[in-house]
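Engineer: In case you want the letters, here they are:
2 protein chains.
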Amino acid sequence: MAEQACIAKHLHHIAIAVKDIEDTVKFYQDTFGLGKIDIVEVPDQKVRAALAKIGGTELEFIQPTDPTTGVAQFIEKRGEGMHHICFEVDHLADTLKRLETKGTRLIDKTPRQGLAGTIAFIHPAATRGVLIELVDSHAKR
Amino acid sequence: MAEQACIAKHLHHIAIAVKDIEDTVKFYQDTFGLGKIDIVEVPDQKVRAALAKIGGTELEFIQPTDPTTGVAQFIEKRGEGMHHICFEVDHLADTLKRLETKGTRLIDKTPRQGLAGTIAFIHPAATRGVLIELVDSHAKR
Numbered sequence: 001m002a003e004q005a006c007i008a009k010h011l012h013h014i015a016i017a018v019k020d021i022e023d024t025v026k027f028y029q030d031t032f033g034l035g036k037i038d039i040v041e042v043p044d045q046k047v048r049a050a051l052a053k054i055g056g057t058e059l060e061f062i063q064p065t066d067p068t069t070g071v072a073q074f075i076e077k078r079g080e081g082m083h084h085i086c087f088e089v090d091h092l093a094d095t096l097k098r099l100e101t102k103g104t105r106l107i108d109k110t111p112r113q114g115l116a117g118t119i120a121f122i123h124p125a126a127t128r129g130v131l132i133e134l135v136d137s138h139a140k141r
Numbered sequence: 001m002a003e004q005a006c007i008a009k010h011l012h013h014i015a016i017a018v019k020d021i022e023d024t025v026k027f028y029q030d031t032f033g034l035g036k037i038d039i040v041e042v043p044d045q046k047v048r049a050a051l052a053k054i055g056g057t058e059l060e061f062i063q064p065t066d067p068t069t070g071v072a073q074f075i076e077k078r079g080e081g082m083h084h085i086c087f088e089v090d091h092l093a094d095t096l097k098r099l100e101t102k103g104t105r106l107i108d109k110t111p112r113q114g115l116a117g118t119i120a121f122i123h124p125a126a127t128r129g130v131l132i133e134l135v136d137s138h139a140k141r
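Going down the list, the sequences are from chains A and B. So for the first sequence, this note's numbering puts the first residue at 1; every next one is plus one. So for the second sequence, this note's numbering puts the first residue at 1; every next one is plus one.
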């Protein structure tokens, strides 16, 4: 991989932490005409989630189902709002090694399984306050 | 326009409020291999700004140049991080009228001139904490 090859291929989604996902989905549907949006339970992440397509990317609404999770604490501290963004990458394990070599602070040093493929988070202290998820969606479960 | 026509055509950009735009741009270039990113002065918005393309959308970094601006106050209160997202729309004036009719709380009830076209902001109290900009980029200055 060339040193300056672009790692981030695409903005996969923006996640928005909310208190009431039914109410939120209804608002975004009514306001922006987004069509049908399914709400799914994601027990292993202790959230309820919904994806809404906007052009080539997605809004991901997440409602915590457990007050001890990071998403619940985010809402408690900062209120509802944008929680993280996610870039699509190729070869996630290699990408994480490359970032670690550069000294980038990571939350996940190795890929773990997410809903849309293997995922990892970069620490917001590294990225000027932005929690960034990387996903390799070729590695779907 | 049909009631359920999708207003948001595309995610135009995500804006990230930062304290030091040179340092931020260097970090994102080095970390994600984003290539050349120009920093521009935007005196009427009292920010310095830089756009970085990620697939079909853009990251917009904004550094306030005046401590009294909303962006400066955002950083003061919440730290650096995601400030707003922007959806591309057609017919912005009509869209704002439609949103107002629905009771959506708006910051701008009529379009004003922005960098990429005519723009308007929806109040984050309406959108579950997300400051949403709408842009009609066909209406460039």
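It cannot be assumed that every hint is accurate.
Which copy is meant is left open, so a pair is good if it fits within one copy or across any two.
As the list claims (entries may be wrong) - In silico DSS-like pairs for lysine-lysine, Cα to Cα no more than 27 angstroms straight-line:
| hint | residue 1 | residue 2 |
| --- | --- | --- |
| 1 | K97 | K77 |
| 2 | K102 | K46 |
| 3 | K36 | K77 |
| 4 | K109 | K53 |
| 5 | K77 | K102 |
| 6 | K77 | K9 |
| 7 | K26 | K97 |
| 8 | K46 | K36 |
| 9 | K9 | K53 |
| 10 | K97 | K36 |
| 11 | K46 | K109 |
| 12 | K53 | K102 |
Quick caveat, the hints were computed from the structure, so don't treat them as lab data. As the structure is a computational prediction, the values presented were derived from the model and not from experiment.
Engineer: Are any of the numbered hints broken by this structure? If so, which, sorted upward?
Structural biologist: The structure breaks hints 1, 2, 3, 5, 6; every other hint is satisfied.
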